[in-house]
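Novice: Chain by chain, the residues run as shown.
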Amino acid sequence: MMLQSVFTGTAVLILVPILTLILGVIIGYFAQQSGFCSIGGMRDLFLFKQTRLFFGYLALIASAFVSYFIFSLIIGTAFPNFYWAAEKGFFTPIPGAPGGLENWAYIILAIIGGFGMGLLGVMLGGCPLRQIVMGFEGNVKSLFFILGMMVGAVLFHLFIASWVVSLF
Amino acid sequence: MEDESKSKNLIKMVRSPIFLGVIIGFLAALLQSLLYSAGGPEAYGFCVACHTRDMVDDLINSIFGTSLVVAPFSAAAFAPALSIIGVMIGALIAAKNNKEFRIKKANFKGALLYFLGGIFVLIFALLLGGCPYRAALRFAYGDMLAFIGILAIALGVFVGTRIVLFQMKKQIEEEAK
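Chains S and Z are the protein sequences, given in the same order.
Oh and the first sequence: position 90 is 90 in the working numbering, straight run, nothing missing.
To convert, count from 1 in the second sequence and add 168; that's the working numbering.
Check each hint, because a few of them may be wrong.
[Unchecked claim] In silico DSS-like cross-links for lysine-lysine, where the CA-CA straight-line distance does not exceed 25 Å:
no.: 1; chain 1: Z; residue 1: Lys337; chain 2: S; residue 2: Lys49
no.: 2; chain 1: Z; residue 1: Lys180; chain 2: Z; residue 2: Lys264
no.: 3; chain 1: Z; residue 1: Lys337; chain 2: Z; residue 2: Lys277
no.: 4; chain 1: Z; residue 1: Lys338; chain 2: S; residue 2: Lys49
no.: 5; chain 1: Z; residue 1: Lys267; chain 2: Z; residue 2: Lys174
no.: 6; chain 1: Z; residue 1: Lys180; chain 2: Z; residue 2: Lys277
no.: 7; chain 1: S; residue 1: Lys49; chain 2: Z; residue 2: Lys277
no.: 8; chain 1: Z; residue 1: Lys180; chain 2: Z; residue 2: Lys267
no.: 9; chain 1: Z; residue 1: Lys264; chain 2: Z; residue 2: Lys174
[Claimed, not checked] Stretch-level coverage of chain S by chain Z, calculated; a stretch enters the list once three of its residues show a Cβ under 8 Å from a Cβ in chain Z:
no.: 10; segment: 28–34
no.: 11; segment: 40–53
no.: 12; segment: 59–69
no.: 13; segment: 72–85
no.: 14; segment: 118–129
Hint data in this document are derived by calculation from the structure and do not stem from the laboratory.
Model, not experiment: these values are computed from the prediction.
Backbone N, C-alpha and C define an ideal beta-carbon position, used for all residues, glycine too.
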């Protein structure tokens, strides 16, 4: 309850860039040190039966679930729809993908998006986070990957999102 | 002696993926509890694809006056989510501190391939509604669609490893000839 009254109004609007920046620095530092990679974890599991990175990804899911559960008890207003599927229905996505489609369309998009990301991630040697880390370890190819992601973000909302919505 | 084993344990922890996984999950939930009143969305504490999108599209919107889609809390705040800049800074500090910074040059073909790869990976990620990390957060938040996404990523990775294995076999056979 205390926290809620502190972080409201303009204070939060200033904190968005600051807190996300700090979060990024922490994740970037430890990601460089551990070689953290979600797609790399699955790849090592399938290719070499190695679980080191894969357990990192599982730990992320488990830790997020426990943390959401605990924080939602303390500050319920910040977690209005935890546990999402029980609140909103089994296949309603949390906003993020193109809006206003039927549930079955989101299932197809999730399968296409996930499959494409996994396939390209393996071919190029890492998930988006790992590419950023490799880029700033001095890998020039990965720097071009980051540049590509930035261009892709613009292209997606200029052309692709509306094109995808028109398909369904 | 005790100090030495302590510092060894610390290094082990810092280099452990499980440790970072736990940190990301915890901080993502903490961030949501602090920042949700800025407009959400939920399970959005950390996402490489979406936060890149927020940063770039918000910048382009403010320069060219366009109205590209940006997450509500990035649009409302004075500046969008900057976690991607943070990751760059953090990774650079870590690499420099531990003398692991090495320039690996790229030829034109490699650079172009990775540039196009970046474009497509971001498009695929936004179709799913997040990179693998946000998919993990969404799944933990109870979004079953994200679980389908994670399974699809695993399938994509599996097919990818088969292709990589096939290419390696071909290469070895060619070299043997």
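Novice: For the pair we were handed, Lys180 (chain Z) and Lys267 (chain Z), check the Cα-Cα distance against 25 Å.
Specialist: 17 Å, holds
Novice: For the pair supplied as a hint, Lys264 (chain Z) and Lys174 (chain Z), is the alpha-carbon distance within the 25 Å limit?
Specialist: Satisfied, since the Cα-Cα distance of roughly 24 Å is no more than 25 Å.
Novice: For Lys267 (chain Z) and Lys174 (chain Z), compute the direct alpha-carbon distance and say whether it is at most 25 Å.
Specialist: OK: Lys267 (chain Z) and Lys174 (chain Z) at ~22 Å, within 25 Å.
Novice: Against the 25 Å threshold, does the CA-CA distance of Lys337 (chain Z) and Lys277 (chain Z) hold or violate the hint?
Specialist: 23 Å, holds
Novice: Examine the segment 40–53 of chain S: at least three residues should have C-beta closer than 8 Å to a C-beta of chain Z.
Specialist: Holds, because 7 residues of the segment 40–53 of chain S bring their Cβ atoms closer than 8 Å to Cβ atoms of chain Z.
Novice: Residue count check for the segment 59–69 of chain S against chain Z: does it reach three with CB-CB under 8 Å?
Specialist: The restraint on the segment 59–69 of chain S holds, since 10 of its residues have a Cβ under 8 Å from chain Z and three suffice.
Novice: Below or equal to 25 Å on CA atoms is what counts here, so check Lys180 (chain Z) against Lys264 (chain Z).
Specialist: 19 Å, holds
Novice: Using a Cβ cutoff of 8 Å, are there at least 3 residues of the segment 28–34 of chain S near chain Z, or does the coverage claim fail?
Specialist: holds (count 7)
Novice: Taking beta carbons only, do three or more residues of the segment 72–85 of chain S come closer than 8 Å to chain Z?
Specialist: holds (count 11)
Novice: Count the residues of the segment 118–129 of chain S whose CB lies closer than 8 Å to any CB of chain Z, then report whether that count reaches three.
Specialist: holds (count 10)
Novice: Are the Cα atoms of Lys49 (chain S) and Lys277 (chain Z) separated by 25 Å or less?
Specialist: 32 Å, violated
Novice: Taken at face value, is the distance from the CA of Lys49 (chain S) to the CA of Lys338 (chain Z) at most 25 Å?
Specialist: Holds: Lys338 (chain Z) and Lys49 (chain S) sit about 23 Å apart, inside 25 Å.
The structure is inconsistent with the numbered hints 6, 7, although it conforms to all the rest.
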